[in-house]
Amino acid sequence: MDTSVKICGVEMKNPVTVASGTFGSGLEFSEFVDISKLGAVTTKGVANIPWQGNPTPRIAETYGGMMNAVGLQNPGIEEFIKTDLKFLKDKDTKVIVNVCGHSVKDYVEVVERLSDENVDLLEINVSCPNVKEGGIAFGVDPEALNSITKEIKAKAKQPVIMKLSPNVTDITEMAKAAVDGGADALSLINTLTGMKIDINRRCFAVANKTGGVSGPAIKPIAVRMVYQVCHAVDVPVIGMGGIATAEDAIEFIMAGATAVSIGTANFHDPYVTEKVIKGIEDFMGKNNIETLDEIRKCL
Amino acid sequence: MDTSVKICGVEMKNPVTVASGTFGSGLEFSEFVDISKLGAVTTKGVANIPWQGNPTPRIAETYGGMMNAVGLQNPGIEEFIKTDLKFLKDKDTKVIVNVCGHSVKDYVEVVERLSDENVDLLEINVSCPNVKEGGIAFGVDPEALNSITKEIKAKAKQPVIMKLSPNVTDITEMAKAAVDGGADALSLINTLTGMKIDINRRCFAVANKTGGVSGPAIKPIAVRMVYQVCHAVDVPVIGMGGIATAEDAIEFIMAGATAVSIGTANFHDPYVTEKVIKGIEDFMGKNNIETLDEIRKCL
Amino acid sequence: MSKRKVPCEIISQSKISDDIFSMVFKNKEMAEEARPGQFVALYTADPSKLLPRPISICDVNKQKGTIRLVYRVAGGGTKLFSELKSGDRVEVMGPLGNGYVTYAEEPVLMGGGIGIPPMLYLAKSFYERGVAKGNINVILGFRDKGFLIDDFKKYATVHITSDAGTIGMKGNVIDLVKQENITGDMIYACGPTPMLKGVKKFAFLEDIPAQISLEEKMACGIGACLACVCKSAETDEHFHTNTKRVCKDGPVFYAEEVEL
Amino acid sequence: MSKRKVPCEIISQSKISDDIFSMVFKNKEMAEEARPGQFVALYTADPSKLLPRPISICDVNKQKGTIRLVYRVAGGGTKLFSELKSGDRVEVMGPLGNGYVTYAEEPVLMGGGIGIPPMLYLAKSFYERGVAKGNINVILGFRDKGFLIDDFKKYATVHITSDAGTIGMKGNVIDLVKQENITGDMIYACGPTPMLKGVKKFAFLEDIPAQISLEEKMACGIGACLACVCKSAETDEHFHTNTKRVCKDGPVFYAEEVEL
Ligand SMILES: Cc1cc2nc3c(=O)[nH]c(=O)nc-3n(C[C@H](O)[C@H](O)[C@H](O)COP(=O)(O)OP(=O)(O)OC[C@H]3O[C@@H](n4cnc5c(N)ncnc54)[C@H](O)[C@@H]3O)c2cc1C
Ligand SMILES: Cc1cc2nc3c(=O)[nH]c(=O)nc-3n(C[C@H](O)[C@H](O)[C@H](O)COP(=O)(O)OP(=O)(O)OC[C@H]3O[C@@H](n4cnc5c(N)ncnc54)[C@H](O)[C@@H]3O)c2cc1C
Ligand SMILES: Cc1cc2nc3c(=O)[nH]c(=O)nc-3n(C[C@H](O)[C@H](O)[C@H](O)COP(=O)(O)O)c2cc1C
Ligand SMILES: Cc1cc2nc3c(=O)[nH]c(=O)nc-3n(C[C@H](O)[C@H](O)[C@H](O)COP(=O)(O)O)c2cc1C
Ligand code: FES
Ligand code: FES
Chain A
36 MDTSVKICGV EMKNPVTVAS GTFGSGLEFS EFVDISKLGA VTTKGVANIP WQGNPTPRIA
96 ETYGGMMNAV GLQNPGIEEF IKTDLKFLKD KDTKVIVNVC GHSVKDYVEV VERLSDENVD
156 LLEINVSCPN VKEGGIAFGV DPEALNSITK EIKAKAKQPV IMKLSPNVTD ITEMAKAAVD
216 GGADALSLIN TLTGMKIDIN RRCFAVANKT GGVSGPAIKP IAVRMVYQVC HAVDVPVIGM
276 GGIATAEDAI EFIMAGATAV SIGTANFHDP YVTEKVIKGI EDFMGKNNIE TLDEIRKCL
Chain B
36 MDTSVKICGV EMKNPVTVAS GTFGSGLEFS EFVDISKLGA VTTKGVANIP WQGNPTPRIA
96 ETYGGMMNAV GLQNPGIEEF IKTDLKFLKD KDTKVIVNVC GHSVKDYVEV VERLSDENVD
156 LLEINVSCPN VKEGGIAFGV DPEALNSITK EIKAKAKQPV IMKLSPNVTD ITEMAKAAVD
216 GGADALSLIN TLTGMKIDIN RRCFAVANKT GGVSGPAIKP IAVRMVYQVC HAVDVPVIGM
276 GGIATAEDAI EFIMAGATAV SIGTANFHDP YVTEKVIKGI EDFMGKNNIE TLDEIRKCL
Chain C
2 MSKRKVPCEI ISQSKISDDI FSMVFKNKEM AEEARPGQFV ALYTADPSKL LPRPISICDV
62 NKQKGTIRLV YRVAGGGTKL FSELKSGDRV EVMGPLGNGY VTYAEEPVLM GGGIGIPPML
122 YLAKSFYERG VAKGNINVIL GFRDKGFLID DFKKYATVHI TSDAGTIGMK GNVIDLVKQE
182 NITGDMIYAC GPTPMLKGVK KFAFLEDIPA QISLEEKMAC GIGACLACVC KSAETDEHFH
242 TNTKRVCKDG PVFYAEEVEL
Chain D
2 MSKRKVPCEI ISQSKISDDI FSMVFKNKEM AEEARPGQFV ALYTADPSKL LPRPISICDV
62 NKQKGTIRLV YRVAGGGTKL FSELKSGDRV EVMGPLGNGY VTYAEEPVLM GGGIGIPPML
122 YLAKSFYERG VAKGNINVIL GFRDKGFLID DFKKYATVHI TSDAGTIGMK GNVIDLVKQE
182 NITGDMIYAC GPTPMLKGVK KFAFLEDIPA QISLEEKMAC GIGACLACVC KSAETDEHFH
242 TNTKRVCKDG PVFYAEEVEL
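Protein chains in written order, with this note's numbering: chain A, 36 to 334; chain B, 36 to 334; chain C, 2 to 261; chain D, 2 to 261.
Mixed in with the good hints there might be a few duds.
[What the hints assert, rightly or not] Pairs of lysine to aspartate or glutamate residues, derived as EDC-like cross-links and limited to a Cα-Cα distance of at most 20 Å, are as follows:
| no. | chain 1 | residue 1 | chain 2 | residue 2 |
| --- | --- | --- | --- | --- |
| 1 | B | 117 | C | 238 |
| 2 | C | 80 | A | 66 |
| 3 | C | 80 | B | 233 |
| 4 | D | 4 | A | 282 |
[Claimed, not checked] A partial selection of chain A residues facing chain D, derived with a Cβ cut-off under 7 Å:
| no. | residue |
| --- | --- |
| 5 | 96 |
| 6 | 108 |
| 7 | 250 |
| 8 | 305 |
| 9 | 333 |
If you are wondering where the hints come from, they were derived from the structure by calculation, not from laboratory data. Remember, it's a predicted structure, so these values are computed and weren't measured experimentally. For glycine and all other residues, C-beta sits at the position ideal for the given N, C-alpha and C.
Okay, chain A solo, but in the shape it has when bound (with noise of 0.2 Å):
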């Protein structure tokens, strides 16, 4: 049995990663799982300069999930290579980079700076709440998306994997508009824009007003989405949301994800990613799987 699988020429040996942002650099979580055993870590998103997040609270639970407004709160892309990259060299797994921005510029500096890092892919996070120029355009804008994906792959030295936000009509439509502009690879679903209402206290339970829905509840829009984009476009694609066990990672593979992220079900399991790939050996042992491509989008 093989659980490889490969991502823009680049083999995790199995096709788990963590969704950017629950999982910090896999420092913390490291003290639960041996993060050599993860396929890919995927680090929290990184901007060219210091961003301060939002105020508290950042967080609030949801029926089967939970909404959050961090806001991207992370150190500059100097102190990350100093501490998060240094921490992930030694590990015996591959490095996905998310970045953020508030422009193109930002976007483009942050992959430079990366160019000799020992990063094996970068994630691009275009659906950045509070982003300045561009606004969330980047995210839900087709010609946007199109336009900064190019920008960022002429300077990028790593594969571009470009990370979708559902919160559009046609999400075959983004898609298709990331892999015209270059995108090597494809990650989805980022979160849904949720609110909550704290009706005691009347105020918003999150202090954004608005925040980002994940979890198993939204498991089925992020499949559903998966599905559509692996039958619209040709790229390899990550496949995320609500993802908590081994039967949920393969629902997501045969809608056609190569690999997969856990996010949210860390916050509830520490020790779920180890789970989840035991999981998927042992329902490929028990099905007779040899690799994942003879399950992949297999209806």
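Chain A is already provided as a structure; the job is to place chains B, C and D with the ligands on it using the hints.
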């Protein structure tokens, strides 16, 4: 304490109605609850002629919710008037008839046929799956929505509620298009398009491949959209999406909804409507709220 | 009759075969009303699982006011039910649907797999009405291991088949009926769709009326949501479509009423 | 030290005041490691509630390997915890965060409302280290009814206030400290933000160092998600922002480290 609310001049004794398609026309649920206690009954979608609906399985359970692809099976307007409206005639509640169609002509036919019937409000479902002419476009294209609203308004004798689909990039754009077209009120959200794969049988969990996700899982997305719409247009809004408790209902009212619909929760608890009505009264009592205007859109 | 959904106390729970459990719960009114072929809808205590699980009524004790269910652990919901212990409570709605019409004098009951349990209450009801055991033929089709067999023997003449031949005759229920030349004035069947197709064909060829019980995914369980339809042979007089609701118009239909 | 999240057996559960419960669970390793001011994260058995509930460690019995929590039923999760009985299991992650630095010789402990429980283990730790009871001053601020008072009396000199004046002095903990002229070489505080603001100001004016424990909504509980930050006075050396993580860098901070 006065729990009544007004939608386009129609007074509901309380803000609670049911979500179209989840309650039939009340006959079956009347074995559990006194439907005369509801603010209104919203009937299942009805077209100009009988519709067969989709093949089975039509539903699947999802985490904290469900997915349906019933496909708007209905007996057609003539039988609907004979049976469903007759059943509702002597009930002490308002009647909201949900209308579906394949084409503008279909909708208009139904709306005209209902002119002289005991119907208080018309709710137009423009997010039908499998629609022929215009396709899903009615629900996700502002221009199509604007023009169908105009055509329906030109013929409708009762106030017209346009029911919005959440599967769009910008819900306020859709709301504005409907209101510009003359919509007297709006209702939202309809279901979010999802997919579930049975990994053991390697098939889609519902025969239609995709289905609409509903239930508590989608509530934060619904609250966000209701809030956005209530702050973007100036017509009454019926809020729905995952309401299962009085607290949920109040959350929608605080977000700006005039009335609320309970859908999927009826399947988990056939008594839920009465409980929510009672719970709203309790909340008002405990917080010395005289009318719901005091808390509507309060943040 | 007004419907109800109430928490019911579990009187007993036991495993009777691989993955198959027998649960008895108490509710006087439900037991009073329950007819063979009807089902109840069970709700799990897991709030992430909202929909009811339909389970056929396997047996009823009207004196004690209890209902017995026999079910296979098929997924997360039935798994949770199997972990309940006597004294625990489970939310139950029911009884639901239409049962079998039981005027037959020489009934032939056919149950396949997890379609076997509802046949027990049906067999018992004929027996208690005074139909002779020898005139109540029950054919049970198992995959490999048998269950409930002794229960059936109290009320009927029992014939057994299994796919693997590990118990009874190797083959399916129709094979057995043909081989043993079993006949009667009404066939009652519950089981997987391929079996019901066979039953329908057999009944048609032998010109014996047949009542069959269908399964479909359900949301409301009471006829309101149109999730659980099956194809009907004729246009439904209300819906003007070729559909019937399994939960409300069924789960039992005359074989010729429905397309499989 | 490697972290863990494990099911733990509940040894006892009791209601000690309106809406306030005391739960003891067993886990040798956690009890061994736990320091005053640290907390554990509890997970409910309801799959629709995914996030951990942070609860401070109220007391520890290292011999028995048990940890005591005292918590208020504030919502659905704590409601579920309060329904657990001895013998049941609850998933616990911990101990988490940094505790109080306990080198003081004349500690002044201030607890307000549901911020009172962690003060107990802290008081006990001073007492067990040999600090005289008379030198350990504990000021407890209640809304109306008191709880845990007798527990504190075993280790410290206890002063009581309440908002309503129904128990102890009418007023807040700072009012009492001033009125009774209580002083020491370190203030330790936990309670609602307005109280902590008062403590911070008082400590600054009196020039006594103060350690305060903060609350914030958490997702991971271990420092990875940046949900639970508070404003720090200075730029964090890693994050290059004016934030600190309550779960990992706290929940205890020196008053001057953070902005309230
Ligand atoms: C009228 C009727 C009577 C039945 N009687 C029995 C019985 O006596 N004993 C028994 O073991 N089983 C019976 N079944 C099947 C039983 O309902 C399913 O096995 C059960 O719902 C599975 O639930 P789960 O949570 O374990 O599985 P999951 O697969 O996790 O369930 C997910 C969802 O699918 C639905 N579902 C899954 N399988 C079925 C199915 N076969 N039929 C309908 N819905 C399904 C569930 O209700 C739930 O909503 C009956 C079904 C029907 C329709
Ligand atoms: C470090 C720390 C120590 C704490 N120690 C105690 C203690 O010893 N005793 C005690 O009674 N309470 C304590 N709390 C508060 C306790 O965590 C909340 O009351 C509890 O999480 C409420 O959960 P719920 O499900 O009942 O409420 P809900 O409001 O239903 O919870 C919904 C979500 O919000 C979170 N949440 C709600 N209130 C708070 C809060 N005040 N702080 C953090 N998260 C919250 C919950 O964890 C959950 O994720 C502490 C909080 C922190 C941060
Ligand atoms: C607390 C939190 C922080 C997140 N931060 C980021 C981020 O920095 N960059 C990003 O692209 N996505 C971020 N996301 C989105 C996740 O990577 C993921 O796309 C989403 O949560 C769906 O997956 P899940 O349901 O498994 O969590 C964040 C999500 C959460 C819950
Ligand atoms: C089984 C089912 C059938 C539905 N049928 C209709 C329909 O006929 N017309 C319509 O406008 N919406 C229909 N809906 C959508 C609901 O009216 C409602 O908008 C949606 O389910 C969200 O509310 P909920 O989460 O409370 O169920 C249906 C939903 C379900 C679950
Ligand atoms: S399950 Fe709703 S109609 Fe049968
Ligand atoms: S809760 Fe995740 S960093 Fe504190």
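- request: Would you mind confirming whether the straight-line C-alpha gap from residue 4 of chain D to residue 282 of chain A stays at or under 20 Å?
  value: Judged against 20 Å, a Cα distance of about 27 Å means the pair is violated.
task: Mind checking the alpha carbons of residue 80 of chain C and residue 233 of chain B for me, to see if they're no more than 20 Å apart?
output: holds (18 Å)
- request: Would you settle whether the hint for residue 333 of chain A is holds or violated, based on the nearest Cβ-Cβ distance to chain D being less than 7 Å?
  value: Where the cut-off is 7 Å and the nearest Cβ of chain D is about 28 Å from residue 333 of chain A, the hint is violated.
- prompt: Under the criterion that the straight-line Cα-Cα distance not exceed 20 Å, is the pair residue 117 of chain B, residue 238 of chain C satisfied?
  reply: Answer holds: residue 117 of chain B to residue 238 of chain C is near 12 Å, not above 20 Å.
query: Any CB of chain D closer than 7 Å to the CB of residue 96 of chain A?
result: At 5 Å from the nearest chain D Cβ, residue 96 of chain A passes the 7 Å test, so the hint holds.
message: Given the hinted pair residue 80 of chain C and residue 66 of chain A, is their Cα-Cα distance within 20 Å?
response: It is violated: about 33 Å lies between the C-alpha atoms, which goes past 20 Å.
query: Was the hint right that residue 108 of chain A lines chain D, CB cutoff 7 Å?
result: holds (5 Å)
message: So, as I understand it, the hint says residue 250 of chain A touches chain D; can you test that by seeing if any CB pair is closer than 7 Å?
response: holds (6 Å)
task: With chain D as the partner, please determine if residue 305 of chain A meets the hint condition of a C-beta pair closer than 7 Å.
output: holds (6 Å)
In summary, the structure is inconsistent with hints 2, 4 and 9 from the numbered list given earlier, while agreeing with the others.
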